[in-house]
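Chains as they are written, first to last, in my numbering: chain A, 1 to 365; chain B, 1 to 546.
None of these hints come from the bench; they were simulated from the model.
All figures in this text were calculated on a predicted structure; none of them were measured in a lab.
In silico DMTMM-like links for lysine to aspartate or glutamate, alpha-carbon gap of 25 Å or less:
1. A:K265 to B:D321
2. A:K123 to B:D39
3. A:K263 to B:D324
4. A:K102 to B:D408
Residues of chain B clear of chain A, computed beta-carbon distances all greater than 12 Å:
5. Y41
6. V74
7. T446
8. G465
9. V526
Every residue, glycine too, gets a C-beta built ideally from N, C-alpha and C.
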Amino acid sequence: MEDISATGYDRRNFLKIMGLGASAAALAACGGGATAVSPSPTTAAAKTAAKPTGSITVYSALNETTNNQFGDAFKAAYPGTTIDLLPLAAAGDLQTRITAEKASPKADIFIGGSSEFHDPLGKAGLLENYVSPNAAQLKPEFKDAAGFWTGWYTGIFGFIASTDRLTKEVGGKLPATWDDLLDPVWKGKLILPDPVKTGGGYIFIATQIFRFNKDEAKAMAYMKTLHGNIADYIGTSPGAIGAVSQGQYVGCPNWAHDILTEKAKNPGVSLAVPANTGFEVGAVSIVKGAHNLPLAKAFVDWVLTPEAGALNVKLSNRGSTIASVPPAPGAPTLASVSLVNYDRQWATDNKSRILTLWQQTVGRS
Amino acid sequence: MRSLQREPVLLLALLAAIALVLAFIVYPQIQVVLVPGADGYVSFLTGGTWTLPLTNSIKITLLSTTTAVLLGFVFAYAMVYTPMPWKPFFRIIGILPLLSPPFVVAAVYILLFGPRGIVSYGVFGQSPSVFGLFGVWGVQTIAFFPFAYQLIADVLSRSDARLEQAARNLGAGPWQVFRSVTLPLSGPGLGAAILTCAIYILEDFGNPQLIGGGFNVLPTQAYSLIEGFGDFTGAAAVSTILLLLALSLYVAKTSLDRGRSFVTVGGKASSMPRPPVPVTLTRVCFAACLALAGLILLVYGTLIVSALTLYFPTNLNFTLDHFDYLRAHALSLQNSFVYSMLAAVGCSIFALFAGFMVQRGTWPGRKIFDFLLIMPAAIPGIFFGIGYLTAFNQPWSDQLAEFFGQRDLRAELIVIALLFWNIPVAYQAITVGLRQIDKSIDEAATSLGASSLRGFRDVLVPMLGGSVQVGFVTTFVRAVTTLSVVIFLFTPRSTTATITIFQLVNDFNWGGAAAFTVGDVGMAIVVLIVIQRLGGRLAVTGFRGG
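One chain only, chain A, in its complex shape:
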């Protein structure tokens, strides 16, 4: 990762700045922004044919283990460059952060998280339009028509079960379809990432709506019956996986790649991918006002190479949008599972309406 010692603070300097900075900021704030001055972007040198150099700041929603090795691999491919990596496995936070920083952008790259977190930034004019030459190989559904973001990995929604309890209490059969979860045998044994609090929970509801060809009444009837079997809604998706892994509950719809990661540590859990499931497209984008645009573009180009795709598959169990990259061992692929016709734009546009509808349906409003 980044070199820390070279830029480490001198303690005295730090304190001095604390004092001066505080009073200066106080004055500036009281002046109501009268001190505002023209921005001074340290734009990189003019584009040259040579390999770009310098450093970029990457806001990453990827897993911690992926971050480190990913950064190292990029630096190996582009010697002499450095990456300042800001790791935060919460894409919504990074999206908000980029929005709040728009007066003086600090990021060059936003990587990771479903395209739903990148798309609004592009529409708000906070992303740089860039279509990488390497994106030509991708299917249209994996890239933004407007050219603000590119999809480079996929995540499939699956189902985790505590194998032992599944065998003893539910008859040992993993769900083959989402309808199987309506069986009363599951009563009080299921949990779901809270659709209001987590992206995964919402994708689950949207999947049901698409499964019934956007017949919202049918989808809500499904969610209502399912509600009768659900013991609890859990505030985070990883938290729900942990609870099933501990055997607190028997099963939970969740991300297949995360379930595989958990399975590597606790062989006592099983993964299933019920038919007609939903999926996410993980994106990468360049932030408008990037300090080192040439290197940012080079980074996106590199992320869209089969090498980077394969590395991410290895580290995160997710799939690559590049057809030639093989999946992780035991991981489902978009080709191997039955997918619902997932209308991403519709799901994004109708989010708050659907959630309100769902809350009314299950009596939570």
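Assemble chain B onto chain A, guided by the hints.
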């Protein structure tokens, strides 16, 4: 205090303090409040998704505040009034729950008391649902009683034993003394404890998020709007609702204790011992404290076991590997220590001065100033962070950084954010202390020719040792364990321990997260013990019995 015009130094200091509050509490929050715009508010309010979370928020605030303050009072009473043994140990126990880094402690509660929890199912064969109202209530009671305990203990320890002795001499029984002397005199502490607990519980995001299940409160709604939807507008509207609720709590509290006097420390210090507490009562108090300590130690013990096993509870093989993360992320731990220390020092000094100016001064606008200093408690940490980011991530701040030869001033910003976010407790503690000390004491100094500032420094500050310690400890501990304030401000170089824990939890690395939490909490406990030792030596007051 003399008139401000006659003390230019004091006036300048006051103006500086007001400027700081405007710059670092008001200005960033205005950024957040203004985000939705009129249309945003109308469409959000008419959307109606906030009504259930609002009801839930009020419900849980009432329940948890009641139990947390009750528990805090019992604990404080036991510590100050009874001669029960093991007090230094219990003093740490009374602070430990404040050391609750994000996710990890809540996860332990589920591990222990979930449907297949180690205690609930393993020991008692029960399958309770921890998720929901009751889970949040229980966890918040434990998590927030330290606020109540510290504020109340500080007040009780300063209450005048002579009044109680007098009551006993006049024939009152222990219960009657408690009801008619002790309880009324602890009024300011109780009031401050209720207000502080209520506002912090109202603002609490972590516990409802992790234990709440389908039970949604305003802070979790605000966060889910950002996290799940990138809906900053709606989230900011929720934040404004929270601020209004806090304002009404504040107004209710001030109208309740208007015109009452709680002076217990007069011109003459008393070294008279308190009337003895019945032996049975001491035993009951000791047993209650022991039970509470057992529960709290169970939680932190589970963390230690998790840190030392491969994958608790499914793989119990011993390992030390998880502690490698402490070395790999040493920077974040070091930053947490430095930032929290600076924030705690700054917070204590600022609170001392602000409390003095509000309680002893007569300048116009001090009521508003008083409210502004309690307001940060009502701001969910993420909005405090977002407000700072919006307000201070500007071209001018970049130039300022450049001027100092730094890439950015985020480390400084984090310290300031932690300082002002934690002002309420520190300030409340000072206020409560000052309300107990008779004005005649510092007036004696000023009438002998000392400036108000000198009277404050030489007379009042030494008497407020305990109150300062409350503010310092609380600020430090909360700064070390907050994620929400930092999450929008940190950079690769100014990352903190809680960010590391968050990353490890999201990486399904339970052992690593537990080990790192043990390191973080352990570091804080060492600091607490040092402070307690120092505090014990430095406290010049004859008024501290706790």
